[in-house]
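J.: Single-letter residue listing:
Protein chains: 2
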Amino acid sequence: MATTTTPRAEARILQIETIKEVSRRLIGEKGVAGLSLREVAREMGLVSSAPYRYFANRDELLTALILDAYNDLGAAVERADARHSSSNSRARWHAAARAVRKWAKQHPHEYGLIYGTPVPNYEAPLLTIEAATRVTRVLGGILSDEWARRPARAANSAAGNTPRGFLMVENLSEQMPRVPPDQFVKALMAWTLIFGFVSFELFGHYVGTVRNANVMFERVMNELADDLGLSQ
Amino acid sequence: MATTTTPRAEARILQIETIKEVSRRLIGEKGVAGLSLREVAREMGLVSSAPYRYFANRDELLTALILDAYNDLGAAVERADARHSSSNSRARWHAAARAVRKWAKQHPHEYGLIYGTPVPNYEAPLLTIEAATRVTRVLGGILSDEWARRPARAANSAAGNTPRGFLMVENLSEQMPRVPPDQFVKALMAWTLIFGFVSFELFGHYVGTVRNANVMFERVMNELADDLGLSQ
DNA sequence: TCAACAGTGAGAGCACTGCTCTCCTAATTG
DNA sequence: CAATTAGGAGAGCAGTGCTCTCACTGTTGA
Chain A
1 MATTTTPRAE ARILQIETIK EVSRRLIGEK GVAGLSLREV AREMGLVSSA PYRYFANRDE
61 LLTALILDAY NDLGAAVERA DARHSSSNSR ARWHAAARAV RKWAKQHPHE YGLIYGTPVP
121 NYEAPLLTIE AATRVTRVLG GILSDEWARR PARAANSAAG NTPRGFLMVE NLSEQMPRVP
181 PDQFVKALMA WTLIFGFVSF ELFGHYVGTV RNANVMFERV MNELADDLGL SQ
Chain B
1 MATTTTPRAE ARILQIETIK EVSRRLIGEK GVAGLSLREV AREMGLVSSA PYRYFANRDE
61 LLTALILDAY NDLGAAVERA DARHSSSNSR ARWHAAARAV RKWAKQHPHE YGLIYGTPVP
121 NYEAPLLTIE AATRVTRVLG GILSDEWARR PARAANSAAG NTPRGFLMVE NLSEQMPRVP
181 PDQFVKALMA WTLIFGFVSF ELFGHYVGTV RNANVMFERV MNELADDLGL SQ
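Residue numbers (this note's numbering), protein chains in the order written: chain A, 1 to 232; chain B, 1 to 232.
It is worth saying that the hints were derived from the structure and are not from the lab. Hints may be right or wrong, so weigh each one.
Copies of the same chain look alike in the list, so a pair counts if it works inside one copy or between any two.
As the list claims (entries may be wrong) - Listed next, the in silico BS3-like pairs over lysine-lysine satisfying Cα-Cα at most 30 Å (straight line): (1) LYS186 x LYS105; (2) LYS20 x LYS102; (3) LYS186 x LYS20; (4) LYS186 x LYS30; (5) LYS102 x LYS186; (6) LYS102 x LYS30; (7) LYS20 x LYS105.
Bear in mind that the values here come from a model prediction, so they are computed numbers and not experimental data.
Can you make the complete structure from the sequences, with help from the hints?
T.: Written out as structure tokens, the structure reads:
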């Protein structure tokens with residue numbers, strides 16, 4: 001059964017969606033700093049106080065946009081991963097990594113919003129954390145499926161320095177149930193390096209150093225896949 | 001001979017220095033977004049238009065602060081590196097990496113200023129690029145000194161896939177004259193990972209994942225040192 | 001059915017910002 | 001010593017985030 005919503009409630013979520021759409025466009029044109037609620041109102045043909053009926057303040061609007069950005073990126077990575085056979089870890093890894101970079105280059109300002117300098121004093125209101133883990137869950141799933149196919153080595157490694165590595169990483173064992181804990185450090189490095197590379201590229205730190213970022217990204221991801229022991 | 005500067009010129013550079021000091025303090029308290037020229041003026045007992053005698057606009061002041069931040073970080077890393085015997089690559093590597101992280105945690109807002117989201121449309125005015133390379137020069141020097149002590153392997157690797165790697169990386173051959181080009185990818189990964197880790201830590205992306213960042217940083221840097229083949 | 005009740009937009013207003021311009025003083029310079 | 005010039009004062013403009021009151025209108029409970 002379709003949940004019956006009052007016309008008013010519908011109109012409300014439509015206005016909220018419009019505000020966010022206009023905001024995304026303005027951010028894309030002039031960056032986060034250039035986003036003003038007054039201009040959003042103007043674009044919508046409203047008076048300057050109207051948007052405050054929907055967002056208590058600018059930070060609340062930004063938080064909503066951050067949440068959407070995490071989910072948009074997460075969905076893109078999930079889709080890319082799902083296009084490959086779950087047993088082909090290496091293809092999945094490359095697909096996921098490329099999806100991150102592609103999304104970032106398509107939405108540079110939104111990427112900066114979520115992986116750049118945190119905007120307010122301390123924004124992340126738990127809700128965003130959940131959305132932020134969508135990418136790490138995909139990456140963890142790839143590693144988990146890979147290690148599920150090699151019980152011997154897994155058992156070996158697990159018997160190694162398990163406690164040491166385990167102490168440092170929370171939640172990762174949930175996301176990668178079959179990956180031996182001593183591999184967590186490598187997994188963390190890979191995850192960090194994907195975003196480190198994309199951030200360096202987008203924020204201009206490779207200017208004068210990396211000539212062909214496309215090729216370099218592929219080589220780096222290949223090296224990481226080797227280090228992680230991804231097969232095929 | 002001491003360069004004779006007129007009292008007026010001296011007073012000018014003193015005022016500029018004061019403006020930057022006050023700005024740094026304000027940024028440290030309320031973040032980059034909270035920096036206003038009017039408040040700087042107020043703190044200095046000046047009228048709101050006075051600072052514009054020294055900085056054409058807010059962006060110019062920010063650019064100056066960015067430049068200083070790069071140089072401050074660069075100097076800290078150089079100092080840390082210099083404290084070790086040049087032949088002990090591994091100790092130098094760890095010292096440099098720790099210096100980056102330490103400086104970042106001591107000046108989080110300034111770190112965000114230079115390694116977070118770029119603030120204006122496209123800020124980096126070449127001057128900053130020069131200052132930004134101080135860290136990479138230190139890292140390149142460490143690798144260079146390491147490879148200077150193993151001519152055999154260097155020659156071997158250099159004979160390998162030199163052209164491929166060389167095409168992607170500019171300037172790196174100047175900073176690391178004795179490092180075989182096929183090592184450039186690993187060097188780039190290491191450089192990127194230092195800052196990727198520090199950014200993730202400072203910007204809150206490890207919350208809920210990395211429990212003890214101090215220990216994890218050491219392990220990651222150790223792993224990198226292994227991958228780079230640093231001895232001792 | 002009709003009256004009370006929200007939800008919404010309009011508009012004025014406050015405190016703040018970046019930035020410009022003119023005026024004046026006082027130090028510097030030839 | 002006269003001419004120049006740098007720097008501060010102060011007013012002012014356009015823009016911002018945000019608040020408050022007022023009026024309208026679709027929705028809802030008696």
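J.: If a hint holds in the structure, say so; if it does not, say that too.
T.: Do the hints match the structure? See the list:
no. : hint            : result
1   : LYS186 x LYS105 : both (26 Å within a copy, 24 Å between copies)
2   : LYS20 x LYS102  : within (22 Å within a copy, 38 Å between copies)
3   : LYS186 x LYS20  : neither (38 Å within a copy, 41 Å between copies)
4   : LYS186 x LYS30  : neither (38 Å within a copy, 36 Å between copies)
5   : LYS102 x LYS186 : both (23 Å within a copy, 23 Å between copies)
6   : LYS102 x LYS30  : within (21 Å within a copy, 33 Å between copies)
7   : LYS20 x LYS105  : within (20 Å within a copy, 34 Å between copies)
Hint compliance for this structure: hints 3 and 4 are not met, and every other hint is.
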